[in-house]
Amino acid sequence: MAGVSRRDFLKLGAAGTALLVIESQLHPLAQAMELMDGGRSVNRVSGLPRSFLPSTCTQCPAGCGIIGYVEESKLVKIGGNPKHISNQSALCARGQAGINALYDPDRILTPLKRVGGRGANRWAQIKWDQAYNEVAKAIQPLKSQPGQFVYMTEDLERDLLGKRFTHAFGSANALGAASIFGANKQVATQLTWGAAGDMPDIAHTKYMLVFGANPLESHPQFVGFARRLIDGIQQNQAKMVVFDVRLTNTSTRANEVYYVNPGSYAIVALAMANVIMQEGLHNATFIDQWTNISSADLAAHLAQFTPEKAEAASGVGAAVIRRLATEFASTSPATTLSDGMVSAQGNGTQTERAVMLLNIITGNIDNRGGLCLPRQYNLADADPAPPQPAPTPLSNPPDLPFATQQSIGRSWQLIRDRAYRVGVLMTRAYNPVYSDPDGNGVADVLMDDTLVPIHVAVSPFMTETAALADIVLPETTYLEGWDIEIRSSPELVPFIALRQPVVPPLGSAKSFFDIASELAKRIGGGMQNYFAQKSVQEYLAARIQSVPGLVAAGGIDYLKQHGIWFDPKSKPDYGSFSNGGFSTPSGKIEVYSSQLKDKGFAPLPSYEPIPAFSSLSKDELVLTIFDTAIQTDAKTANCMWLDEILHNNPVWINPATASQLGIKNGDKVRVVRVARTGQGVIQVDNTQLNPRTRSLETTAFLTEGIHPRVVAMANGVGHSGFGRIAQGEKINADDVESQLRNPNTELVWWGKKDGTGANAKLIVPAMPDPIGGGQAWGDVVVTVGKVKT
Amino acid sequence: MALAQKRYAMVIDMHRCIGCHACTVACKAEMAVPLEVNATWVKIIEKGPYPSTRRFYLPRLCNNCDNPICVRNCPTQASYKRDDGIVVVDPHRCIGCKYCIASCPYDVRYINPFKNIVEKCYFCQHRVDAGLEPACVEGCPTRAMIFGDRNDSKSEISQLLASNATTVLKEEMETGPNVYYIAADETAMSNVENGINYRTEGAFFKLRL
Chain C
1 MAGVSRRDFL
11 KLGAAGTALL
21 VIESQLHPLA
31 QAMELMDGGR
41 SVNRVSGLPR
51 SFLPSTCTQC
61 PAGCGIIGYV
71 EESKLVKIGG
81 NPKHISNQSA
91 LCARGQAGIN
101 ALYDPDRILT
111 PLKRVGGRGA
121 NRWAQIKWDQ
131 AYNEVAKAIQ
141 PLKSQPGQFV
151 YMTEDLERDL
161 LGKRFTHAFG
171 SANALGAASI
181 FGANKQVATQ
191 LTWGAAGDMP
201 DIAHTKYMLV
211 FGANPLESHP
221 QFVGFARRLI
231 DGIQQNQAKM
241 VVFDVRLTNT
251 STRANEVYYV
261 NPGSYAIVAL
271 AMANVIMQEG
281 LHNATFIDQW
291 TNISSADLAA
301 HLAQFTPEKA
311 EAASGVGAAV
321 IRRLATEFAS
331 TSPATTLSDG
341 MVSAQGNGTQ
351 TERAVMLLNI
361 ITGNIDNRGG
371 LCLPRQYNLA
381 DADPAPPQPA
391 PTPLSNPPDL
401 PFATQQSIGR
411 SWQLIRDRAY
421 RVGVLMTRAY
431 NPVYSDPDGN
441 GVADVLMDDT
451 LVPIHVAVSP
461 FMTETAALAD
471 IVLPETTYLE
481 GWDIEIRSSP
491 ELVPFIALRQ
501 PVVPPLGSAK
511 SFFDIASELA
521 KRIGGGMQNY
531 FAQKSVQEYL
541 AARIQSVPGL
551 VAAGGIDYLK
561 QHGIWFDPKS
571 KPDYGSFSNG
581 GFSTPSGKIE
591 VYSSQLKDKG
601 FAPLPSYEPI
611 PAFSSLSKDE
621 LVLTIFDTAI
631 QTDAKTANCM
641 WLDEILHNNP
651 VWINPATASQ
661 LGIKNGDKVR
671 VVRVARTGQG
681 VIQVDNTQLN
691 PRTRSLETTA
701 FLTEGIHPRV
711 VAMANGVGHS
721 GFGRIAQGEK
731 INADDVESQL
741 RNPNTELVWW
751 GKKDGTGANA
761 KLIVPAMPDP
771 IGGGQAWGDV
781 VVTVGKVKT
Chain W
790 MALAQKRYAM
800 VIDMHRCIGC
810 HACTVACKAE
820 MAVPLEVNAT
830 WVKIIEKGPY
840 PSTRRFYLPR
850 LCNNCDNPIC
860 VRNCPTQASY
870 KRDDGIVVVD
880 PHRCIGCKYC
890 IASCPYDVRY
900 INPFKNIVEK
910 CYFCQHRVDA
920 GLEPACVEGC
930 PTRAMIFGDR
940 NDSKSEISQL
950 LASNATTVLK
960 EEMETGPNVY
970 YIAADETAMS
980 NVENGINYRT
990 EGAFFKLRL
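Just so you know, the sequences run in chain order C and W.
Going by the numbering used here, the first residue of the first sequence is number 1, and it counts up by one from there.
Going by the numbering used here, the first residue of the second sequence is number 790, and it counts up by one from there.
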């Protein structure tokens, strides 16, 4: 070994070992091929391939394609499905952490019946047979007033089984929580171009005006959309201009960022539209051919929104507004993006319409790189579908004419005020005590058995809401269940995806199809006829019968193998409206909305200031609650890998504001809601159900990345239930069963060290936008003061 | 048969990174990394006064250096460098003495609290050996992480390295890092020796400048 240094010797040793490793572990395919980006996984030690099944993620609304990798019936890894047209191999933190939810040590694995008072958290494990009988016996007597059966779910459009169950019983009260997740955009787009939602074609655009949206952290198609947005910026050198009240992962990437006064997005958009019309930069041909207003009438309406007025309201300079308007109109293609607090305010529906107008007057509608109509299959429920029962004040609240079956916030008030009588409430995949505004008020209603005589929770986890049930039916998690999963395609090619079990159900958890079918049989009275399919696969196969291409490709078997189907010849059919027009009453884009006029609302896109904001006193600030790419509202806080990253939510304060308030970074502070929150814009009763919950305590996080008159808190943390992980509690090492299921939970460290945050939504009263019915999360006025210790 | 010698490296394009932590969790899942420690994570800082404040990210993982101080300082030869450049720790030889942790200028090694041995990012050697990309690369929503063979001039990574200005962490240490950053922020690239402290102090809100 003379002349060989120690380092060389080590290198030799290393090489020798490495060679051995290569010989024993190298996959035969690897010698010939490039590295593959997804679709497979191998054991870390043996190098052996893992078995896998494609499915669909529901950790957030995006519905990304996933592949579950399994060893010995245990899910060991979740990756993206390379065949999925939206996300391909990529998968966000939440999707990859779904394994934590499946193996949550506090999952409910047998039906539970409460033995103490409601909310006392004392339960007896019961057999499914008993659970079914008790629930059926509670629902059966409501047959003469079926509307007393009320079903609440997170997303009614994706819960056709719940709707089928409710309608089959004869109740119209299958209610979805769209009101808390962006109903205003849905209603604004439906009214304007006859389709709910939009899809900016960001991969092909040259210019983006972003109003409050934050797609690089939170978007209905998060991974698929973020990937295409970055592609657009990198490949087309697309310019992005962001208006927001705080620094986001999106605004930090923008070419220009403007911090706008909260609630003033609409006047910025309208002033830009005004400039475009005045300067003659509009697409007069498009306006005259495809909208129901003339260029001249529109220009006359917009003339009131001068850039100077917009500057006074928003803080964005008039010269900037003029310049950006000109840039937007003279760059083609261009599009707007709007979401977040733009939508979730008392003027949200009108603001969405105002932003949309910029695309309309420049002809950037359903063109390559413009604002496109959503592309998705709308599959009806399987035949025979139950008839639509007569509407009720819950399903169609009379004071929210456009918010059908979407405004649960309104429902709680009607129930609380005994304006609507409930017999049995069933909640599924929905945790209003955490998710809704004024959650403690919701809890008060659920605790009162004169208001809610029976509450059945269908839930894999002991959420804050399930904890207030009489019976908990443990549904499977998304990784053990079935459904057809359809989303708006960021590729603009519609697709149909499948969610199938990647592992068998844990314990005695059952899929909702099994639960609903069995309950329907035991309730009887004809209801069982709508649950005649022998298996969930048969039911889902019936749902896709209307898509010949998929049936020809192999139907449900094709989906089981690939996870997704789309027409391989399909390309984005831009300009589809030119055959047959838009699905509005006039067949055109309804810039002037008679539907709004008929209900007493402004028929043209308009700016409605939020009164409480225009008269903020020196101490008053506007609270904004924001979503992140780490936690999804009430869904993900039982995932330890996510909590480790985001487990608390100190309140963001601009240092200049903090200095005036005598607050330093890390100080304990109290955030107090000001009583006149919501007054003026919100026309419906907005008294808080639980008036005691007016304030919360958290710590101060001083950041230059926020408007001085705004404070911000993250959503998704601050649980008071949902198991020990969500509450930052470690699980004892000697709890063998839990540790076997989810190892290393004894290392949970954040609860003691940092706390688990506060649920900011508890101090927010239910305040639906009177048009769209969407919760006005952004209309909250607060004071922030240091807590003396 | 003779295999062309690979030389693996990673490029992280900060024009594409959105700071979403998908890589953080991909690594936790793929490598069964316990809580409290990370082999991959995202450092996030904010810079600049209102209203021109900006956020900067820096995905962090082992540089799998060409001249790894950790390998040199390992008394049991547990740490070694494969011919393809990946620096690994042989779990059977590691005695948990932490010399490598002390000598790593990037603070990317940790003690596995269950096994009492050192672990780190191995560029997912088990996946690479099976012809797969590392888990963080596969999962990255915006394709900000690119992994491949530098000896293959046609590979995406070779072309990226040829056509972009890149930086590495602590170039002056002459460790020869194999993780290259495109357009990374200088401030974010400083103070990387304190990664462990950063990780355990609440990643999302803790670090600002």
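Be aware that a few hints might be false.
Unchecked claim - Here are the simulated DSS-like pairs of lysine-lysine, each with C-alpha atoms no more than 25 Å apart in a straight line: (1) C/K664 / W/K832; (2) W/K836 / C/K239; (3) C/K730 / W/K836.
Think of the hints as simulated: they come from the structure by calculation, not from any bench.
Hint by hint, here is what the structure shows:
no., hint, in the structure
1, C/K664 / W/K832, "holds, 23 Å"
2, W/K836 / C/K239, "holds, 22 Å"
3, C/K730 / W/K836, "violated, 35 Å"
In the structure shown, a violation is registered for the earlier hint numbered 3 alone.
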